[in-house]
Structure formats: C-alpha cells, structure tokens
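Visitor: So the protein sequences, as listed, match chains A and B.
Following the working numbering, the numbering of the first sequence begins with 1 at its first residue and continues without gaps.
Following the working numbering, the numbering of the second sequence begins with 1 at its first residue and continues without gaps.
It is possible that part of the hints are untrue.
Claimed, not checked - Simulated coverage check for chain B against chain A, where a stretch passes if three residues somewhere in it have a Cβ under 8 Å from a Cβ of chain A:
no., stretch
1, 32-43
2, 50-56
3, 134-140
4, 291-298
In short, the hints are calculated from the structure, not lab data.
From a predicted model like this one, the values you see are computed outputs, not experimental measurements.
A virtual CB, placed ideally from N, CA and C, is assigned to each residue, including glycine.
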Amino acid sequence: MIEARGLTKVYGEKTAVAGVNFTVEAGRVTGFLGPNGAGKSTTMRMIMGLDRPTSGTVTVNGAPFARHAAPLRDVGALLDAKAVHTSRSAYNHLLAMAATHSIPKKRVHDVIEMTGLADVAKKKVGGFSLGMGQRLGIAAALLGDPQTVILDEPVNGLDPEGVVWVRNLVKYLASEGRTVFLSSHLMSEMAVTADHLIVIGRGRIIADAPIQEIITGRGQIRTRVRTDQPDRLMHLLAGDGVSVELQENELLEVTGLDPRQIARAALDSRVMVYELTPLQASLEEAYMELTKDEVEYHSLITTGAAAPVQSGGN
Amino acid sequence: MSSTTLDPSRRGAQSGAGDVPARRMSGTSAGPGPSFLRVLNSEFIKFRTLLSTLILLGCTVLVVVGFGALSAWGTGQFAEAAATDPEAAAAFASQGGDLAVGVPTSGIAFAQLILGSLGVLLMSSEFTTGMARSTFAAVPKRIPAYAAKLLVVMVTAFVLTAASVYLAGLVALPILDNYNLELDLASSQSVKMLLVNSLYVAAVAAIGMALGSLIRNSAGGIMSLVGLFFVAPIAFQLIPGDFFVEARKYLPGNTVEPMTAVQHVPDTLEAWQAAMVLGAWVVIPVVLAAVLLKKRDV
Numbered sequence: 001m002i003e004a005r006g007l008t009k010v011y012g013e014k015t016a017v018a019g020v021n022f023t024v025e026a027g028r029v030t031g032f033l034g035p036n037g038a039g040k041s042t043t044m045r046m047i048m049g050l051d052r053p054t055s056g057t058v059t060v061n062g063a064p065f066a067r068h069a070a071p072l073r074d075v076g077a078l079l080d081a082k083a084v085h086t087s088r089s090a091y092n093h094l095l096a097m098a099a100t101h102s103i104p105k106k107r108v109h110d111v112i113e114m115t116g117l118a119d120v121a122k123k124k125v126g127g128f129s130l131g132m133g134q135r136l137g138i139a140a141a142l143l144g145d146p147q148t149v150i151l152d153e154p155v156n157g158l159d160p161e162g163v164v165w166v167r168n169l170v171k172y173l174a175s176e177g178r179t180v181f182l183s184s185h186l187m188s189e190m191a192v193t194a195d196h197l198i199v200i201g202r203g204r205i206i207a208d209a210p211i212q213e214i215i216t217g218r219g220q221i222r223t224r225v226r227t228d229q230p231d232r233l234m235h236l237l238a239g240d241g242v243s244v245e246l247q248e249n250e251l252l253e254v255t256g257l258d259p260r261q262i263a264r265a266a267l268d269s270r271v272m273v274y275e276l277t278p279l280q281a282s283l284e285e286a287y288m289e290l291t292k293d294e295v296e297y298h299s300l301i302t303t304g305a306a307a308p309v310q311s312g313g314n
Numbered sequence: 001m002s003s004t005t006l007d008p009s010r011r012g013a014q015s016g017a018g019d020v021p022a023r024r025m026s027g028t029s030a031g032p033g034p035s036f037l038r039v040l041n042s043e044f045i046k047f048r049t050l051l052s053t054l055i056l057l058g059c060t061v062l063v064v065v066g067f068g069a070l071s072a073w074g075t076g077q078f079a080e081a082a083a084t085d086p087e088a089a090a091a092f093a094s095q096g097g098d099l100a101v102g103v104p105t106s107g108i109a110f111a112q113l114i115l116g117s118l119g120v121l122l123m124s125s126e127f128t129t130g131m132a133r134s135t136f137a138a139v140p141k142r143i144p145a146y147a148a149k150l151l152v153v154m155v156t157a158f159v160l161t162a163a164s165v166y167l168a169g170l171v172a173l174p175i176l177d178n179y180n181l182e183l184d185l186a187s188s189q190s191v192k193m194l195l196v197n198s199l200y201v202a203a204v205a206a207i208g209m210a211l212g213s214l215i216r217n218s219a220g221g222i223m224s225l226v227g228l229f230f231v232a233p234i235a236f237q238l239i240p241g242d243f244f245v246e247a248r249k250y251l252p253g254n255t256v257e258p259m260t261a262v263q264h265v266p267d268t269l270e271a272w273q274a275a276m277v278l279g280a281w282v283v284i285p286v287v288l289a290a291v292l293l294k295k296r297d298v
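Using the sequences and the hints given, assemble the complete structure.
Guide: This is the structure we're talking about:
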C-alpha cells in the first residue's frame, strides 16, 4: 500500500506536485493518469526516495521507502527505461543491482527470461531499442520479487505484443495481492489495464475512483435507438432534460432517458424499435471532461496554459 | 489479445506474465537488504564491467612503465654527460646525485590524471546515464553506495599505482645498469617513494570522485580536476605576490615532494604538514560531496 499525504514538490518557481493525497491499495492495478508534465513521474520519484518532497510525506507499507530494510525486496520500480549505464550489459546491470541485496544469480536469469531479454542480455544497453530498455527496466523492477511494483509509462516504446504482455503481467501481479501502481498518459491502455484510477493534472488529483465510476460517473446516459418511425419517437420522447438527435435515417441518439424509459414510451405508442443500445462514455471522453474542468479552473489564474494540458491528454 | 507470435524467441516473453511468475514469485519479500559488504560487492561489479574503466587502468600501467623506461634512459644519458662535461656534472651534482631513485615514479603526473579522471567519470556517469536512479533506489540511504564506490576507486588506484611503479622499477633496472647507475627497489627511499606516490594517486582519485559527485558532469568534473592539478600550480607561479608563492605550497599537487624528500628542504612544508594538507584536500570535498549527495534529488 502506498500512501501520499499532502505530498508537494516545488522546483524553483514551478509547483510540480501540489499537496496530493492518495492511497494505492494492494491487490488491484491502480492507474496513474495524466497529461505529460502533470506530475506523475515526480510523484513516483518521491515514492522511491529519489526526490525529496518539499512538504508532505509518502510511505510504502507504512514506512518511507528509504527506511525499508530491504528496499528492492519490498518495492520494485521502473522509473526511467534508461536508468542504466549505457556501456554495461543488461546482465551485468541486473547482477550489480542484485548484489546489493544478495539476490541469487538464478533470479537474475529468471527475470531476464521472464522479460524476453535472453538474446540481448550480454549486449551493451546503449544499443537497446526503447522497447528493450523498457523490458530491462521491468526486469530490474521485478528483481527483488517485490510486494509493491511501480511502473512509470511501462508501455512506452513497446510493440503491441509487449503491451499485451505488460497488461497481463500487471494484472497477474495484482491478482497475487501485490500493490501495482502504473502511470500512463494513454487512456486506452488504462481502460483495459487498471482497476482503479488516479487522475492527476497540473500537480493536483482530479479524480480518484474505480475506473468504471470514472467512465460512467461523468456525463449523462446516452442511448442509441433505431426505429422505423424516428419523427414520431422524437416527438414522444421530447421533454425537459432530454435531447434527441436524428443522426441518420432511422437512427436516434437520446440523452437524458435510460433505455427502459425509451422502451416504455415506444411501447405505449406502439412505435417499433429495433435497436436500443446504451452508449458508454469512453475513458477518453471522461478524461477530457475531467481535465477540461481543471484547465478552466486554472485559466482563471494563469491564462494560456490550457493548450498544452489538453493536447497532452489526447 | 495477440495470441500469434511470429518470433519464437519472444514466446517466453509473452507467456511470461501468465506462467513464469506463477512459479517464481512466492510473494514473500523477506530477505537480506543492502549491507555495506553487499553494496561494496555491487560497486565492484559495476567497476569491473565497464570496458572504459579497464582501458583506463591499462593505460595507467603503460604510461607509468613507459615513463619509467624513458626516464631511466634520460637519467643515464645525463649521468654519462656529467662524466665528461663539467657543466653537466655541476647540474648533476646539484640534483643531489641520486636521480635513479626517482625513476620508477616519473610517470605519476600522468597516472594521477588518468585515475583522477576515472574517479570523476565513475561518479558523473551515474548521473549522466541515469544509472544513479537505479543505484539509489537499491541503496536509498545513498551514503553506503558512495562510500563503497570511494573505497573501490581508492583501493584500485593505490594498488594499480604501486604495482605499476614497481613494474617501472623492474623495467628501469637493466637500463640504469647499462649506465652504471644503481637503483635498489628495496631501499627505504624506494619503498617510501612507491607508497607515498600510490597514496597520493589514490587521494587524487578520491578528489576526482568527489568532484564528479558535486558537478555531476563528466567534462566539468575532469576540467575542474585538471584546473586544480595542472593549471593552478602554473597560474600561482605566474601571478606576482608573496601570497601566491606561499599558497602554491598548499596545492594538492605540491604535497608529494615534501613527503618524499630525503631531508627537509628549506622553505617547503614539513612531510607531516604536507600529509595534513593533502588529507584536507581529500576529506573536505569527499565529505561535502557526501552531504550534498544525501540532500539533493537524484
């Protein structure tokens, strides 16, 4: 379990993380979503004790990371795919990391196998592709078989197969009861990977909720309706807080009524309906909605900052 | 879900999430943490697995032995000239007559530059490559990793310099013998020269590492080192004024001569004073770098 309380990081004039509070629970994949520069990496570096918080605290399983007796065995992190000396081989890098905790060589070979690096393990890391670098970073994170796994943008640069592999891996780790904290600016990836989502924008937590809640919680229910009497149905459904849009011949999109209410209205007036599909907002829409609020809020203070925040999140 | 895998070597990677961790991840996180000996072992692995480090170490041996041989030949020529030319004889006599004992350590100026730079590089490259994030995530208390690296650098510099100087002496012996000059590698002065110079190079490597940690930039660190050991002595000599004449004695590069002098030369530091000065040059940057390393973000 990771707990941040009033966690703040100020770099000179810029506040990267502004007093955030959140808890990352064990046994589920928690996504950390936000546009580039929102403070995701800074927060993760503070969890790992690499950056000192300006104020506030962050603990892993009740203690700051630096106080853990065997840090690598408790927390494994991929913070930067190239946090490796470029002239050293992947195997030697992992071997040196393992040596600090007397992790046996067998485990080094295991994580190399596990991450699919066996063919390149003896080569210099400097020649690695971004995807290979990510795999090495993940191998290093798993080295100590840690209870808590922190991955910053793990799917960056991975091929589609690698993306699926990371997805399955983090779900598997969470299913074993581990704490998994995963950052990304890719909502589509989060939508299929995370169970719980913490959304950060401009150093503040915008949302902290189960992913389903974030998708359905915002915006109104929309329903796609196909009928052979669209004009008649539009007339029947019209009312306060309801909008009906004729999208094409015989296809309506209704906002503000749930499918049961639409079906009841149609049945009462004997209008035939041959499709009735609840439309779920995508995470992308929910996210844009969330960050839009944040941007509008901030534009009162700092105008002109809206563009990068929005473009970073698409 | 991509279930087809074109490259068979990747199959392990894909299925890894499902079955490999199942067998290998027990979920228990109990086990030893980073003790100083383990961190020392880790730093030694890091030290010996960089080709550039090994090349610099090889260069040090070559340079020290090469200069030893060259200096033996030059000293022999000098002695030969002194035998026939009274002017050269006077110059030879003014040098104290025993030039042969300094032959094995004649390459030290270059050894200190190489191993000092190595000290800078080993620390600065941690930051320039991002390796520091891995290092200090594994050892979040930071100081044990710094101390272990310092120990590896200093011991290596000492042992390598001592071995190179001894080897240079062995190479110089037959050359000096050719000119009827005597060199006893077991004499107390030879042993003193070897030990003091090796300690001195270890000290320079430590200063280099501290600079690398403070500046976190390879070029900047090496330039600072060169400035301190090569530029400052010359600059201090050129700037007029008693202050700089006096200050020059306290530069780290000028502490070796007083420590190895057969007898105290007037207007120089006493051997113990020179040792204290060199010690201060090591302790101050090393401690300052440690304090800042602990405080700064990685």
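Visitor: Does each hint hold? Answer for all of them.
Guide: Hint check results:
1. 32-43: holds (count 8)
2. 50-56: holds (count 3)
3. 134-140: holds (count 6)
4. 291-298: holds (count 3)
Every hint from the earlier list agrees with this structure, and none is contradicted.
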